[in-house]
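Residue numbers (my numbering), protein chains in the order written: chain A, 1 to 166; chain B, 1 to 298.
These are calculated hints, taken from the structure and not from any lab test. Any given hint might turn out to be false.
Derived CB-CB ranges, DEER-like [said to hold, decoys possible]:
id: 1; chain 1: A; residue 1: Gly130; chain 2: B; residue 2: Met21; range: 55 to 63 Å
id: 2; chain 1: A; residue 1: Leu31; chain 2: B; residue 2: Ser96; range: 48 to 56 Å
id: 3; chain 1: B; residue 1: Phe75; chain 2: A; residue 2: Leu151; range: 35 to 43 Å
id: 4; chain 1: A; residue 1: Val159; chain 2: B; residue 2: Gln90; range: 23 to 31 Å
id: 5; chain 1: A; residue 1: Trp124; chain 2: B; residue 2: Gly250; range: 49 to 57 Å
id: 6; chain 1: A; residue 1: Val159; chain 2: B; residue 2: Val126; range: 25 to 33 Å
id: 7; chain 1: B; residue 1: Ala103; chain 2: A; residue 2: Leu31; range: 45 to 53 Å
id: 8; chain 1: A; residue 1: Val101; chain 2: B; residue 2: Val71; range: 47 to 55 Å
id: 9; chain 1: B; residue 1: Pro17; chain 2: A; residue 2: Leu14; range: 20 to 28 Å
Just some of the chain B residues that point at chain A, by a computed CB distance under 7 Å [unchecked claim]:
id: 10; residue: Arg22
id: 11; residue: Met34
id: 12; residue: Asp37
id: 13; residue: Asp48
id: 14; residue: Val57
id: 15; residue: Val61
id: 16; residue: Val71
id: 17; residue: Val128
id: 18; residue: Ile131
id: 19; residue: Met132
id: 20; residue: Ala133
id: 21; residue: Pro138
id: 22; residue: Lys142
id: 23; residue: Ile208
Even for Gly, the Cβ is constructed at its ideal location relative to N, Cα and C.
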Amino acid sequence: MRIYRKRSGDGEGLRVFLSLLLALALAIVPLPEWATDARPDWLALMVIYWSLALPRKFGIGSAWTAGLALDALTGTLLGQHALGLSLIAFISLKFHLRIRVFPIWQQTMTVFMMLAINQFVLFWVDGLAGAAGMPPTRWLPVVTGTLLWPLIAQLLGAVRSRRRGA
Amino acid sequence: MTTLRDSRSKPLFQRGPTLGMRLFLLAVLSISLMILDHRQGHLDRIRDVLSYAVYPVRAIVDLPFSISTWVGRNFKERSALIEQNERLHQEQLENSARLQRLAALESENKRLRELMQSSARVENRVLVAEIMAVDLDPYRQKIIINKGERDEVFAGQALLDASGIVGQVTRTDPLSAEALLISDASHALPVEVNRNGLRSIAVGTGDISSLSLPFLPNNADIREGDLLVSSGLGGTFPRGYPVATVKTVGRDLGEPFARVMAEPSAALGSIREVLLVFQSAAAQADNAAEQTDEADRR
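Chain A with its partners taken away, still in its complex shape (with noise of 0.2 Å):
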């Protein structure tokens, strides 16, 4: 096992920093248009990931600061999807030692209500703000996040593990 460093985190804050980018890349990339609705919600997978795993680098305001940054990229409310992330950052916190013990399908159906929460706040934040229709095709993106965990928890994993070298 590896003894504690100090500097041993180098270069874990670019990492993160990085896959937010991505994340948030992939949060505007042009989809075929039977795909947009179901566009999963990278930056709230990423978000989660980071604060199971990071649980000291990654807080509440690295998500809160993303979901400002994602906002302003799609043109939502500001605040709107800062307010879901710090929603879901919070829980992952709190809760991040028994989550990152369950087994995956455990895990992957916690993701499940976290993105739920997050998305149900987004639903609820154009509600109020009266932006017109609200189909059922809302909720896609919550399946599609929820299926794709697995693989981005694997992935990043991965990625993770290369930079210890170990």
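Starting from the known structure of chain A, arrange chain B on it as the hints suggest.
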């Protein structure tokens, strides 16, 4: 669980505000931001700064599409180019023939207007902008264009394409601008029926292929197939550009208003290039003068 193992995570001593407190503070901050943002205009400065910050992300996402367009433009087959050239040449001929007639009509129109002592119409200057290939919130109809303050784009400017009105600019950055399409649920634009000058408001429905005209009484003279053109009232949109074609007119005697749906003339879903209109001050004054003229005549 293998993927999330190991993190020297658990702090021995908590420093700063607790997790719950932090969430509370950020939630309050988000909510106040949203409230301020919802009441338009309070956060323009912050929005500007943020748009600057996220512009690189947009540019990077757009890059592959720009490159493929560029490559497509630069490495076209010779035969294809020749064919295109011929086709354009032909179109150009047809158009110039039409223009000749138009020139005659325009001078006649001018003469008649002088006879009627109303001011002449002034042409508007336009600027071509490309739509950046980024998807925004799927529940709002917004686009990003690649011209901004540097090209004197301003908020409230009208956007056209070859076949009609597309929308209006809502926010500008130095290098890009955000525009709201006429089909967005929060967009309304003053129109008139080309056939008889009946005025109304075309409201977006959130569906890219339809507009609704909610304020027409049941006995209004409007039919399927009527062309709606912009009326120039309100001053945002130039007068006389096609907006939509009436698709359905539902007259329900129990309702005070007819249910009129129209299909936008511009191909809102598939445009890649738009025209930004600069209405000269003269044209705007002219618009206003014309409205009062007509009002007087009625």
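Here's how the hints hold up against the structure:
The hint said 55 to 63 Å for the Cβ distance between Gly130(A) and Met21(B), and at roughly 32 Å that hint is violated. Taking the beta carbon of each, Leu31(A) and Ser96(B) are about 42 Å apart, not inside 48 to 56 Å as hinted. For the pair Phe75(B) and Leu151(A), the supplied restraint of 35 to 43 Å holds, since their beta-carbon distance comes to about 37 Å. Take Val159(A) and Gln90(B): their Cβ atoms lie about 57 Å apart, and the range 23 to 31 Å is violated.
Judged by the Cβ atoms, the range 49 to 57 Å given for Trp124(A) and Gly250(B) is violated: they are separated by roughly 33 Å. Range check, Val159(A) to Val126(B): about 49 Å between beta-carbon atoms, so the 25 to 33 Å window is missed. Distance hint for Ala103(B) and Leu31(A): a CB-CB separation of about 46 Å, consistent with the stated range 45 to 53 Å. Separation of Val101(A) from Val71(B) is about 50 Å and conforms to the stated range, judged on CB atoms against 47 to 55 Å.
The supplied range of 20 to 28 Å is met by Pro17(B) and Leu14(A), whose beta-carbon atoms lie about 27 Å from each other. Hint on Arg22(B) holds. Least Cβ distance to chain A is approximately 5 Å, under the 7 Å limit. Interface restraint check: Met34(B) against chain A, minimum CB-CB distance 4 Å, threshold 7 Å, status holds. Annotation: interface hint on Asp37(B) holds; nearest CB of chain A at approximately 4 Å, less than 7 Å.
Proximity of Asp48(B) to chain A is violated relative to the hint, the smallest CB-CB distance being about 10 Å (cut-off 7 Å). The interface hint given for Val57(B) holds, since its Cβ lies 5 Å from the closest Cβ of chain A, which is under the 7 Å cut-off. The restraint placing Val61(B) at the interface with chain A holds, with a minimum CB-CB distance near 5 Å, inside the 7 Å limit. Evaluation of the Val71(B) hint against chain A yields a violated restraint, the C-beta minimum of about 18 Å exceeding 7 Å.
Residue-level restraint check for Val128(B) is violated (minimum Cβ-Cβ distance to chain A is 21 Å; threshold 7 Å). Because the closest C-beta pair between Ile131(B) and chain A is about 10 Å apart, greater than 7 Å, the hint is violated. The beta carbon of Met132(B) comes no nearer than 9 Å to any beta carbon in chain A, farther than 7 Å, and the hint placing it at the interface is violated. Hint status for Ala133(B): holds, given a least beta-carbon distance of 5 Å to chain A, under 7 Å.
Proximity of Pro138(B) to chain A holds as hinted, the smallest CB-CB distance being about 5 Å (cut-off 7 Å). Nearest Cβ of chain A to the Cβ of Lys142(B): about 5 Å, under the 7 Å cut. The hint holds. For Ile208(B), the interface hint is violated, the least distance from its beta-carbon to any beta-carbon of chain A being 10 Å, above 7 Å.
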